[in-house]
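Asker: Residue numbers (our numbering): 768 to 870.
The reader is advised that the hints may include incorrect statements.
Unchecked claim - The calculated label-pair distances, taken between Cβ atoms and stated as ranges, are: (1) Glu833 to Ser794: 16 to 24 Å; (2) Glu812 to Ser851: 15 to 23 Å; (3) Ala852 to Asp782: 20 to 28 Å; (4) Leu769 to Met820: 23 to 31 Å; (5) Gly811 to Phe848: 22 to 30 Å.
Hints were generated in silico from the structure; no laboratory data involved.
Positions of the beta carbon are idealized from the N, C-alpha and C atoms, including for glycine.
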Amino acid sequence: MLLTTTELVMGKEYDVLGLVKGATIQSKNIGKDFGAGLKSIVGGELKGYTEMMEEARDIAMQRMEEEAKRLGADGIVGIRFSTSAIMQGAAEVMAYGTAVKFK
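Based on the provided sequences and hints, a complete structural model is requested.
Answerer: Below, the structure written as structure tokens:
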């Protein structure tokens, strides 16, 4: 399946099947959350949170692709990500785009 952030795919014509999306909410355990709080005092990358968000993006992308496959799509164009804080230490990540079928 072709995945792209662009709206157009050079050399390809396609029919639009519709919006597809995938989302997840991730949180860290209390021990890692406490450690991240201490790290924020001295500064630097919060690696536990970086890993959490990377995993969340992967899950959201996978769920979006699964929805596109159910529609019979060959690709997803215009892919975007959205994030929001749900509560302290938890974030939602959503991936969304337009499912297309190549002619």
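Asker: None of the hints should be skipped; say for each whether it holds.
Answerer: The hints, checked one at a time:
Evaluation of the 16 to 24 Å hint for Glu833 and Ser794 yields a pass: the beta carbon distance comes to about 23 Å. Hint check: Glu812 to Ser851, Cβ distance near 21 Å, so the stated range 15 to 23 Å holds. Here the CB-CB span from Ala852 to Asp782 is close to 37 Å, at odds with the stated 20 to 28 Å. A beta carbon spacing of about 25 Å between Leu769 and Met820 agrees with the range 23 to 31 Å that was offered as a hint.
The hint said 22 to 30 Å for the Cβ distance between Gly811 and Phe848, and at roughly 24 Å that hint holds.
Hint 3 from the earlier list is the only one contradicted by this structure; the remaining hints agree with it.
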